[in-house]
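Once you have looked at the hints, place chain B on chain A.
Order-wise, the sequence lines are chains A and B. Last residue of the first sequence? That's 734 in my numbering, and every number before it is there in order. Last residue of the second sequence? That's 192 in my numbering, and every number before it is there in order.
Be a bit skeptical, because a hint or two may be false.
[As the list claims (entries may be wrong)] Below, a sample of chain A positions facing chain B; criterion: calculated Cβ distance under 10 Å:
| hint | residue |
| --- | --- |
| 1 | Gln639 |
| 2 | Tyr640 |
| 3 | Trp686 |
| 4 | Leu689 |
| 5 | Val690 |
| 6 | Glu691 |
| 7 | Gln726 |
Since the hints were derived computationally from the structure, they do not count as laboratory data. Nothing here was measured: the structure is a model prediction, and the numbers come from that model. Where is the CB? At the ideal position from N, CA and C, for every residue including glycine.
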Amino acid sequence: MMKTLAYATFASALTLSGAAFAQGETLPPATADEAPAAPSLATEAAPIPLVPEGPVWDGFHGQLNAQKYSPLTQINTSNVGSLELAWDYHTGDVSDGSGDLPATVWSATPIYANETLYIGTPFYRIIALDPATGEERWIFDSQSTLEALTQPALKNRGVSYWEAETPVAGEICQKIVYLGTMDAQLFAVDADTGTLCPDFADGGVLDVNQWNDTNDRWPLSLLQPPTVTGDHLILGWAGNDWAFAEAPPGTVFSINARTGEREWSLDILPDDVREHSGTANVWTAMSVDEELGLVYLPVSSPSPNYWGGNRTEEIPLATSTTAVDIETGAVVWSRQWVHHDIWDYDTNSAPTLMDITVNGEEIPALMQATKMGFLFVVNRETGEDVWPIEERPVPAGIIESEYYAPTQPFPTLPAPLLDQAEKPEIWWAADLAGLGECSRLFDDLEYAGMYSPPTTEGSGVLSYPDSAGGVQWGGVAFDPESQMAIVNTSHITQYIRLIPRDEYERINGGSGNEQGYYPQTGAPYGMYLNNAVNWLGMPCWEPPYGELVAIDMRTGKVAWRRPVGVSQQYGFYMPESLGSPTIGGPAVTAGGLVFIGASMDAKVRAYSLATGEELWSDLVEAPVVANPAVYEHDGTQFVAFIAGGNSIIKDQVGDQVAVYSIGD
Amino acid sequence: MRDIRENIWPATLTAAALCGIGISAFNYSAPMTGVTGTAGALMVVCSSILLAGAGVFLLFKHSGGSATFVRVLALLGALGTILAAWFLHEYWLVAIMVAATVAAIMSFVPTRTAAQ
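Isolated chain A, as found in the complex (with noise of 0.2 Å):
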C-alpha cells in the first residue's frame, strides 16, 4: 500500500517544475566535478531554433531534436522513381562469426560534417569519405579489441562531431570527430587529417572505464556516439543485459569536447540502491533542446532485468524519459514510463522534440516511442501531458520476493502501436504447420495485458511486445511542416520463463541475441526467453509483424498504417501484407517522403509521407538497422543507409554504405 501511495505521489510530482523536482529527496542531483557554475545556453545566446534553417545530418539522429527531417526536396514524390544507387562502399570490417572473429552488429547512421560523410564501425575505425563519390579520404584505426565484452556481437552505432564555434585556421582538433569503443575508450580524432587529437584526455583517448566504479563487471561499453551539444559531449554507455544481479549502476557523463575533462556526471540510480542492483544506463541515442539547455536521456532498465526483489526501493529516474540541465547536469524533469520494471522495457530510442498544435495551442512537445508500443507525449519544458496519461492497474504475479507496482502509465493518445491489452490471436497457418505447437505452447503461457508478470509457472509468460520492443532505436521521425509523426513498429510475440536457481544451474545452456537462457547471477531466479514461433520458425500469432504508421500530432489521431518490408525464412520472402519485424528507423524530409530500411529483407524503400504509398525500394547487402541520413553535397541530394545486419532481426552481416540520388 506504501508502495502504491508513493508511486501514485510520484506521478503526481513529475509535473512540478524542474527547480523543485531536482531538489526532492529522492533525485540524485549531478556531481558537478569542476563546479562549472556557467550560464545556460538559453540565456547567453539569441534563439535557438528547435529545426534547423538549413540541411542539417551531423548526429545519430540527423538533429538533435532527433526529428530524422531533411528540408531537401531535390528528391520528391515525382521523381523517386528514378533514384540510383550513387554509390557504394564496403568496409571490410564485417563477421558472420564463422571465425576467430563475434559477429558484427553495425547499427551506424553516417553523418554528414565538414563537407564529409563520417562514419564509424564495428571494428572501430572512423572512415571518412567524399559525400559525392565514396572515395576514402582518410581512416582513422582504434586497434580497439574485438572482443565481445559485453555484447552477443562487436556493435558499433556511428560516430559523432563537433566543431569550435570559431575554428582557428591551421589549428589541428578545430573540427573533431568520437568514437567510442566497446572496452570503455572514447577516441577524438581530428576530423580534417584523422589524427588524434593530443589535448583531448590522454593524447586523444579518453578511458572511460576510469568511472566504472561500482560492481564493475563489465566495461562501460561506448557504442552509441556522444551526443554533442556546444562543448559538451553527453556521454551514456552499454552493458551487459540479463547477466548480473548486480551491475554498474547507470551514469550520464559530460566531457569537455575539447580536453576531454569530466564536467558533470548524473547517477541515475539512488545512493541506496547502487551497489545491490545497477543499470538503469542510457545506452541509445539522447536528444537535445539547446534554446532550453536540456537534454533528453532515455533511461533504461534496473538490473536484474526480469526480477526486481533486490530493488524494490524507488528508483524514479530507471525506464523513463528525464531532462537534464546540459550544464550542470540537474533533474529538471522526469516521466518515468514503466514503475519497478520486471520487463527489460528500456527506453530506447532519443525522445522526438517537436513543435505541434493541438486545439489551436502552440505545444512544445516531445514523443518518447517504448518498447511497450506506447507514443507518450509530454511538454518537453515541464514534462507536463500533452494528451492524459493515465495510471491503470495492473496484474501482479506469484513470486514472494518480488514487488509488484500496482499501476502502470497508459497514453490515451496517440494509441498504442500494438495492442497488447489482449493475448495475440494465433496464426492459423503456423499452427496448421506446428499440429497444434502453436496452441499448445500459448495455452500454456500466461497473459493479462503487456504488464504480466515474469513467472515460474507453465512455460513461463507471454512477452508482447516483445524485449528488443515495440519500437527499437530508430525512434520517430517528425516532419515539422506537417505535423506528423512517422515510427516503425515491430509485433513480436516471445515467452519468458524464471527459473530458480538451483534448477537454472541444472538445465542451463547456451544463449544467442535476445534468446536462451540468461542467469541474472546473484538473483534466485535465472530466465529463458525464447520466440514463440515453431518448429519451422514460423511465427506463432497472428501477421502483421511489422508497420509504418503516421501520426497526426495535431490530433494525436493515426493518419495512415501499413505493413513495411517484407519477413523472410530461409531465403522465401513471406507475401507483403505480412510485413516485416524492423530494428531501424525512418527519415523524413520536405520531398514528403519517408526513407526507411530496418526491414528484414534487406532492403531500402521510400514511401509517401502523405499516403504511405510505396515508391522506390531497392536491395542492398544486409538489413539496415540505424536511421537513414539524408544530405545535400555540392548541390546534390542524397540519401544513405548503412547495410550492416542485425542477429535481433536476421543473421545476416554486411560491411555496405549505400548512397543513392537522382540520376542524370
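Same frame as chain A, but now just chain B:
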C-alpha cells in the same frame, strides 16, 4: 523421326532444368541477390538438378512404369520449384520452371504415328 518426337519434351525438360540450375546457382552464390547463401536458394538448386536428371532419364526411357513414375516426380518437382522460386522472388526461375512443367505434362502425351 519418331525418336525426335518422343524426345522433344524430355529434351525441353532437360534444357529448362539446366537453365534452372544456372539461374538458381547464380542466385545462391552471387552477392546481393536477396537469397544469397540461403537454405531456400540451395533447395531450388537441388530441385533443378533433380529435374535435369529426370529429363535425361526420360530421354532414354520412354515407356514403362518407371518412366511414368519419373514423369510424375518431374511434374511435382517442377511445380514445387515454381512455388519455391515464387517465394524466393526468383522470377526468372519461375518462368523457366513453367516451361519445365509444360514439358513434364506433355511428356505424358503418347506420341502418335504420322500416317494412319
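Evaluated hints:
Against a cut-off of 10 Å between C-beta atoms, the interface hint on Gln639 (chain A) holds, since the closest Cβ of chain B lies about 8 Å away. This hint holds: Tyr640 (chain A) has a C-beta 4 Å from the nearest C-beta of chain B, less than the 10 Å allowed. Taking 10 Å as the C-beta cut-off, the interface hint given for Trp686 (chain A) is violated, the closest approach to chain B being about 16 Å. Residue-level restraint check for Leu689 (chain A) holds (minimum Cβ-Cβ distance to chain B is 5 Å; threshold 10 Å).
Using the Cβ-Cβ criterion of 10 Å, the hint placing Val690 (chain A) at the interface with chain B is satisfied: the shortest such distance is roughly 7 Å. Interface restraint check: Glu691 (chain A) against chain B, minimum CB-CB distance 6 Å, threshold 10 Å, status holds. The interface hint given for Gln726 (chain A) is met, as the beta carbon of that residue sits about 8 Å from the closest beta carbon of chain B, less than 10 Å.
In summary, the one numbered hint that this structure violates is 3.
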